[in-house]
Amino acid sequence: MENQFHASRQTEERAGYFEVPGAFLYTVLHQVKNPVARVLLVGPFASERHNSYTPWVRWARYLAAENIEVLRYDYRGIGESTGVFDEMTFADWSQDIHLLYAWFAACSPHVPILLHGLGIGAVLAGRAFDAGVGDGLLLWSPPANANQALRATLMRWVGLEQILKFRSEQKSASDYIRDIEQGSPLEVDGYRWSVNLWRDSFQLDLPTALTSQDIAARSYRRPVRIVSLTRNAAPLARGGQIGFDDLKDFTWLFAPNCEWIAAAASQLSKGLAYA
Amino acid sequence: MREAIGNRELIQLDGLGVRLQGTYHLPADSSQGKPVGSASLNRVGVVFVNSLSLPRAASGDSAVHWADSIAQHGYPAFRIDLPGLGDSEGLASTGLLNSINAGDFASVAAAAVEQLVDRFGLSGVVIFGHCAGAVSALYAGAASSHCMGLVLLDPYFHLPLAERPKVRQQLSNWARRSKIGTQASNIYDQVRDLRLSLRGNTPPANANFPLLAKWKQLATAGLPILLLQAPGIKSQGRKPRVGQFDYIEHAVKLAGRKNRVSVEFVGSADHSFANREGRAAVEQHMTDWLLANFPLPEFEFDASHLSLMHAGESQDNGGGSHGHFIKFHENA
Numbered sequence: 005m006e007n008q009f010h011a012s013r014q015t016e017e018r019a020g021y022f023e024v025p026g027a028f029l030y031t032v033l034h035q036v037k038n039p040v041a042r043v044l045l046v047g048p049f050a051s052e053r054h055n056s057y058t059p060w061v062r063w064a065r066y067l068a069a070e071n072i073e074v075l076r077y078d079y080r081g082i083g084e085s086t087g088v089f090d091e092m093t094f095a096d097w098s099q100d101i102h103l104l105y106a107w108f109a110a111c112s113p114h115v116p117i118l119l120h121g122l123g124i125g126a127v128l129a130g131r132a133f134d135a136g137v138g139d140g141l142l143l144w145s146p147p148a149n150a151n152q153a154l155r156a157t158l159m160r161w162v163g164l165e166q167i168l169k170f171r172s173e174q175k176s177a178s179d180y181i182r183d184i185e186q187g188s189p190l191e192v193d194g195y196r197w198s199v200n201l202w203r204d205s206f207q208l209d210l211p212t213a214l215t216s217q218d219i220a221a222r223s224y225r226r227p228v229r230i231v232s233l234t235r236n237a238a239p240l241a242r243g244g245q246i247g248f249d250d251l252k253d254f255t256w257l258f259a260p261n262c263e264w265i266a267a268a269a270s271q272l273s274k275g276l277a278y279a
Numbered sequence: 031m032r033e034a035i036g037n038r039e040l041i042q043l044d045g046l047g048v049r050l051q052g053t054y055h056l057p058a059d060s061s062q063g064k065p066v067g068s069a070s071l072n073r074v075g076v077v078f079v080n081s082l083s084l085p086r087a088a089s090g091d092s093a094v095h096w097a098d099s100i101a102q103h104g105y106p107a108f109r110i111d112l113p114g115l116g117d118s119e120g121l122a123s124t125g126l127l128n129s130i131n132a133g134d135f136a137s138v139a140a141a142a143v144e145q146l147v148d149r150f151g152l153s154g155v156v157i158f159g160h161c162a163g164a165v166s167a168l169y170a171g172a173a174s175s176h177c178m179g180l181v182l183l184d185p186y187f188h189l190p191l192a193e194r195p196k197v198r199q200q201l202s203n204w205a206r207r208s209k210i211g212t213q214a215s216n217i218y219d220q221v222r223d224l225r226l227s228l229r230g231n232t233p234p235a236n237a238n239f240p241l242l243a244k245w246k247q248l249a250t251a252g253l254p255i256l257l258l259q260a261p262g263i264k265s266q267g268r269k270p271r272v273g274q275f276d277y278i279e280h281a282v283k284l285a286g287r288k289n290r291v292s293v294e295f296v297g298s299a300d301h302s303f304a305n306r307e308g309r310a311a312v313e314q315h316m317t318d319w320l321l322a323n324f325p326l327p328e329f330e331f332d333a334s335h336l337s338l339m340h341a342g343e344s345q346d347n348g349g350g351s352h353g354h355f356i357k358f359h360e361n362a
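As they're listed, the protein sequences go chains A and B. Mapping the first sequence onto this note's numbering, position 270 (from 1) lands on 274, and the numbers just tick up by one. Mapping the second sequence onto this note's numbering, position 192 (from 1) lands on 222, and the numbers just tick up by one.
Since the hints were derived computationally from the structure, they do not count as laboratory data. Keep in mind it's a predicted model, so treat the numbers as computed, not measured. Wrong hints could be hidden among the right ones.
Said to hold, decoys possible - Some chain B residues near chain A, calculated using beta-carbon distances under 7 Å:
hint, residue
1, M31
2, I35
3, L40
4, L84
5, A87
6, A304
Think of the CB as a built atom: it goes at the ideal place given N, C-alpha and C, for glycine as much as any other residue.
Build out the structure end to end from the sequences listed, making use of the hints.
Rendered as structure tokens:
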């Protein structure tokens, strides 16, 4: 029996748990029979995950429909993964990428594997790539460092808080920043940001070579694409209205990025050098 | 990759031709707190449905927390992504809010419930929903013969605009941010209050009447319903903002004399209930309510701290003018 939600299934999706030290990561493999490439999606962080989940899943499905196998996952302590968010560090989340990449790279047939990161995921993916992980890299809206992304999340949350509160009850983003910098953990959208998370976020920089595509191409000799998302890409980018933007059509964003991945994989498969 | 770890198991259901993804939190056994087997549980399960477009973990992963908690108290818990949401297949409507308000998820959620009851040998289910999810839960409860109760967090019974006109949004922003704006807003509230009185306190034209009808159907039949409210904009305790129609009071009136509706106000929560205080209060209220309404005889639980009482008899925290609903003591 079919209903109004019916859509024909194009690829197999296998959800599972992947063991990492002290936790299990929730993963979804968008399986493709003879993939031209594989992409490890390093997604939005903490509450950003929830706000942009639908387009992120659709992006994975879009790639899989184009014969690109995708592995997406939840960071340790977030979403369906186990672990306590407050106790996690950027080192843990970096390790997630390395461990999943190793698993993904062992899948057959052997095809190029690209990393794709968004927001803090872009910083983490960029750093992993800089350390030699991945045959190619796609970044959407990489911040200069993780703190910049945390501030953007905080601004969004404060904006929502202010909708629900009147002037006398409102606190500004700078009030909250002052609190955490003075040593009080901050709860944002149900996630408790520890003081260490905030402090460490300043140190988690995007590698210098990834500040521009040209520098990256020269530095790594591997395909790199950096895309700055604008407001019309909300909720994958800042702006828009939560709950109302995530079901819109993102083909305009997905199509050119998917084409780039396929072209990069093709060149990598042929052994062509990137200069 | 594994499909099960500890007390969690990934499950797939057939959502009327669409594959639904969910997570099952295995209930603890009575003595050692270890997960019990999956077959023939003969217990009431709790099914969580999505709030608007949020994935099944919900804001701040609060649904994961609640599902884990009630599973530890012996109740099997299931978090399900409805079609087109989270990891489930299918295409949700781009007019998602209108679709939810019209009850479009009811039949697919009821089908999912039926499979869970069959597969896990449940005696029935309690459907849990927050905000738009509470609307889906209500419709699903009315569509399912297996629904034995509802937990509704900040349900709404009107038809909100998916997108507010820009001018109105700007006016609201001004009212919130400036002193004069706040005063203007207060005058506006008084005018609305007068209009409300003149209208005889009847539901406004944008009330979701089909949803209120489903509520009435379930509540008058004596279905146990736990309704939790967080403070709203300019609300005064449990009471809504001056000039706003009190839907909760109206819903309780509709529920009739035999109702088993319990309304609790969680002053420490924000609308998401995902903040620490909010999620702890939900956990406590829900656990107490489950133990009182769906006790597990084989589960030796110390329920001595519970005090069942009728609202009209004693503590009255806002909903007590209708003396027929069950209330628990305030614990948050």
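Now for the hints, and whether the structure bears them out:
Using the Cβ-Cβ criterion of 7 Å, the hint placing M31(B) at the interface with chain A is satisfied: the shortest such distance is roughly 3 Å. Interface restraint check: I35(B) against chain A, minimum CB-CB distance 5 Å, threshold 7 Å, status holds. A least Cβ separation of about 5 Å between L40(B) and chain A falls short of the 7 Å threshold, and the interface hint therefore holds. Among the interface hints, the one on L84(B) holds; its C-beta lies about 5 Å from the nearest C-beta in chain A, closer than the 7 Å criterion.
Interface hint status for A87(B): upheld, as the beta-carbon distance to the closest one in chain A is roughly 5 Å, under 7 Å. Because the closest C-beta pair between A304(B) and chain A is about 3 Å apart, less than 7 Å, the hint holds.
Hint violations for this structure: none, all hints satisfied.
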